[in-house]
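Chains as they are written, first to last, in the working numbering: chain A, 1 to 163; chain B, 1 to 342; chain C, 1 to 801.
No wet-lab data here; the hints were simulated from the structure. Take every hint as true, because none was put in to throw you off.
Dumping the calculated DSSO-like pairs for lysine-lysine here, alpha-carbon to alpha-carbon at most 30 angstroms:
1) C:253 <-> A:138
2) C:51 <-> C:40
3) C:292 <-> C:724
4) A:9 <-> B:316
5) B:37 <-> A:29
6) A:25 <-> B:50
7) B:65 <-> A:31
8) C:586 <-> C:566
9) C:253 <-> C:724
10) C:235 <-> A:102
11) A:138 <-> C:724
12) A:2 <-> B:316
13) A:102 <-> C:253
14) C:318 <-> C:292
15) A:25 <-> B:37
16) C:754 <-> C:797
17) B:50 <-> A:29
18) C:586 <-> C:297
19) C:70 <-> C:40
20) C:319 <-> C:586
21) C:772 <-> C:797
22) C:51 <-> C:235
23) C:40 <-> C:88
24) B:50 <-> A:31
25) C:566 <-> C:297
26) C:566 <-> C:606
27) C:318 <-> C:558
28) C:754 <-> C:724
29) B:69 <-> B:37
30) B:37 <-> A:31
31) C:28 <-> C:88
32) B:65 <-> B:50
33) C:586 <-> C:754
34) C:74 <-> C:28
35) C:88 <-> C:98
For clarity, every value in this text was computed on a predicted model and none was experimentally measured.
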Amino acid sequence: MKRVTEYLKSLLLLELAAGLWVTLKYLFKPKYTLRFPMETIPRSVRFRGLHALRRYPNGEERCIACKLCEAVCPALAITIDSAPRASDGQRRTTRYDIDLFKCIYCGFCEESCPVDSIVLTDILEYHMERRGENVITKPQLLAMGDRFEKSIAANRAQDAAYR
Amino acid sequence: MSMSSDPMILLWTLAKILVIAVPLIIAVAMYVWWERKVIGWMHVRMGPNKIGPFGLLQAFADVTKLLIKEIIIPTNANRFLYFTAPLLAVIPALAVWAIIPFDNGAVLSNANAGVLFLLAMTSLGVYGIILAGWASNSRYALLGAMRSAAQMISYEICMGMALVCVLILAGSLNFTAIVEAQAGGKGLFDWFWLPLLPMFFVYYISGVAETNRLPFDVAEGESEIVAGFHVEYSGSAFALFFLAEYANMILLSFLAPILFLGGWLSPFQGWHLGWFSQPGWWWLFLKFFIFATSLIWLRATFPRYRYDQIMRLGWKVFIPISIAWIFVAGLFKYFNVVTIGH
Amino acid sequence: MSAQPKDTAPPVEMVEFEVDGHPVSAPKGSMIIQATDAAKIPVPRFCYHEKLPIAANCRQCMVEVEMGGKLVPKPQPACATPIAPGMKVFTRSPNAMKWQRNTMEFLLINHPLDCPICDQGGECELQDISMGYGRSVTRFTERKRTVTDENIGPLVATEMTRCIHCTRCVRFVGEIAGTYEMGDMSRGDSHVIGTYIGRTIESELSGNVIDVCPVGALTDKVFQFKARAWELIAKPSIGYHDALGSNLWLHTKRGQALRAVPRDNEAINECWLSDRDRYSHQGLYADDRAEKPLIRKGGELVEVGWDEAIAFVADGLKKAGSDIGALVAPMTSCEEGALLAQLVRGLGSDRIDHRLRVQDFSDGGPSGATFEMSVEDVARVSAALIIGSNVRHEMPLLNHRLRHASRHDASKHPASNPAHYDISEVHGAKIFAINPVRFEYNFELAGEKVFAPQDFVDAMLCTAKAAGVQGDDRALAEAIAAADDKEDARQWVAALRDAPSSVVVVGDAVTQHPQASWLRVLARAIAEATNSAYNELPSGANAVGLARVGAQSSSGAKAIFDHAPKALITWQTGSQDASVPAAYDKARENAEFYVYAGAFACDGVKRTADAVLPLGLPPEIDGTWVNVDGIVQALAAGSALPGEARPGWKVLRALGAALGVAGFDFVDLKDVHARIAGDLSGQGTGDRGPGQRLPARTTAPEGVLARVATVGIYRTDAVVRRAKALQAHPLNRAPALRICADDARALGLLGGVKADVDGVTLPVVIDAAVPKGCAWIEAGFAATAALPPHGAALSIKAVTA
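Required output: the full structure, derived from the provided sequences and hints.
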């Protein structure tokens, strides 16, 4: 009897029809596709994107050229030169370069910084157009810090309880 | 009548060719878009939606890319054959549209040997594939070509026999006559799909095999041997193969309604439903659309048939059924079980 | 020469005891920490330093000690507990680790959280020991104390909040540098270490407090904030400003020399470095550093490539034929000196010399002989005679050895505990000095006499007579016989003769003297007669090496100055390196073809040179230098050459090949080194050249003031003169006329009047250290360039408004 039913099932292509029914059902399901860049997926406050150098609320740059970030960077992406600042003799960097091609965006530099100076913002959309633009310099980093200080501070405030 | 004697007839024929060929090519482009969209939806994702509104211009962008691409000829490839193969694939695919009717009287050539012409043209398409595989001087291409040739030849037999069944019932090789033979007061129950139900499936599935579509695309084998017989082709040569394949698919989607589902006849013919009961070219196009979409549906659903399974199906399942049903169709005709025409 | 007994120490008695279960033996009288250090057993410490007296105030080296089977109940500091037979020491027992951890906790209580901004981060003993022996989490929640810093000079930066009061700096500045400039004030929380009156530390060894300070309280001001310790590459190098050749590590970052730290070498510099050697690297990057070859085309100096420059110089030298002279800086390496000598002699001239400050070449000039007593042994003499030398300024670490001799008893074994001495009981060395000026010494002299340059030879004759020198030259014998009998001289001579080991140190004031040949002969004779070693301080860093490779001639540099050659090559020298800078300038102006091969293209060079070939300085090139003990030190380049500068030996190779001189077909520096290796290991000639007679004695007229032209400590060579931090140091005194009050009154120079000395206006300083008849105007300054040299009479008058 089983053989008969099986033969009939095979003959009448019933399992094929079942397959077709499955795909037909999925035809009408809502689609998962994200319409980037109009829609984006939510980003964590801990997201590690482009770097920035922060300042204190009074405008003083935080970085004190301790070079812990340069030492801990696993990709050796950070290059620092330091000297006493001409105006007041305080310890400051004269050169702070990050090679974005070498960087692996691990966030170790941010973790190691004792003054919360170098941070990774949540910016992931950036590009370079000319050779050499992959090495970002101190003025660029400070500018990014100034531009995105609000979101940087907000992200860190939200995550502070877990750090 | 001699074409050259009357230039007006020549011009008029050319115009009719253009009216068929140009929309056909655009239809190919649109069919490509529709295929990608439907498969996307069945994969719970959106298909192309960036190029043009709803991604409608995607195919045109692809064609433009193909046309401006560099054509790379493999080392030691036979140049003449290499460039002839796509031509041999695409010319029959386009030529066969001469005898396809779109409505009663709307056909380029109302030849009385339409079915014969159809069979001849589809057989010629195989050469293109064999030549492509051979001329590429590449093992995957050769493998794909040999598989494809064997497959196409096998399924031509049962396709032909399905056509013979239709022929027996319709009594004519003329496509218009075949469609008219399915007219009757019972609407869709007058059509040939009912008496020839197994043949309908045989014809349809053989058509899928003929056009190298999933589940019968061992020739292409996208996930196995990359692009099979056209792996070494790039640029406009590849575009021609592409065109040929999709033209064949559209052809199949037109022929299946014409042969088995009453062509431009309304399914409610004779049911006195007013406008719904009127025949018209729109019914043909609606049926074509359903078949075209079902081809896509099949592609989205089924895994690929193994090569030996394809051979088995063609030779050991379809051909016996076809032979048997020829006999059954003959019996139908002899005992006037099927009403032909009005 | 005179054989000195090497090992005057008594045999050592060893004590057997146990540390952590291992048997250890050490000399009797040592402390536990000395024994564990020798046995490589780690004990943490902050205040203990093997060269400094023991203070035991940090209490970090606590260990558990068991004596006679019983555990000593309280923790014992390993640095202040003498070893005893049968003692058992536990450095890692639970108690010992607890005590070490607790002491570490106390030290960190008031220590600021400065690690990110502190230069000592990465090389900090506090960091390392707290990681190894300290707590992991702090318990301190109160406020830390802070300390206001004082500015102690341009060389050492202070951040006294970080100070952990180990008093290593206090002990160093007191015991080693000898100046007692740092001390600790107040007690408890207010305890601070500083100079109290906020003055600059003036010791010439002040930079060593940076090395001894275990935290970042005292750091290198020149190096401040420049780099972290882990990014620096340490290249072994030597100091090239005095002939001691102190070993140092040149720390470079990306090819640029950022600082120098001492390298341990017991025989040469122990573990110390003079400030001159430490901070001179700043001069490598002066503004007028020559970086591109220049040749004079159409009256102007234009930058050209090396090929063109070499061809131009070869051409110019060929035109001069054999009338060529070369003045070589004493810091030149042996290879360069040898090649330059070969070049000059190959072109047919003998006029090459490096002894630019020497005026008297009648005996061939200073022979470049090594010290007869090694620097290490000088620390163990029982008597010494210093003749014409401010050793503190000429060779600071030799002075340190002399100070050590004067404060320690040579008969006691050197391994005895340095804390076990009471100054009143010490029978240290008796050190006598005969100088043109009362130089400042940082130890007690047993006797000091000052004589103006015109009376110097007479003073030496008296001493020679007292020593019973006969004199092999008739003029010499007659002069000795005619000298006075002085009682002091006899006492001094007796002290030298009776001492088991003694040394005669002869310095710059003798070498520069216009009658130096007399003084040399007399000094050597005195040394021989009193059984002392004769240590003549060479007039330059590689004088010994250059003498051995033949980069000098018997007529000396004076001949080049007196008769300017047609073609003159100066190799790394500047006008302020010569005894008479004006003569140097004249020579290079009068030469038809003047090539400056060196590192600094100053205004004088730019004005007069026909070609400027930029060279690398000693830290930037491979080379060999020979120090006063004859130790050959071969070094590889430390920092990178700037611009187009090349190592000198490469330039000479190209030049020699272009001129077609034989022997310039070598490929590599080691070929040159192999060629001169034999010369370098040989002994320098100690005797004066055969057949050279002493010049006639000159007597100065009465009432004339003769110049004493000692070289300022930080004006010795071109590199040091461009080291900004050293130039800002108070030891670097501005050029001035220093005379005694009586002479000033006689000339009417009292009351802040400026003096006109031979046309040069100088401020007047009344200095009691200067004897009558003597005008002390230091050499090495552009302002004093026009003045006559050491020992010459000066015409001085007051500047009238």
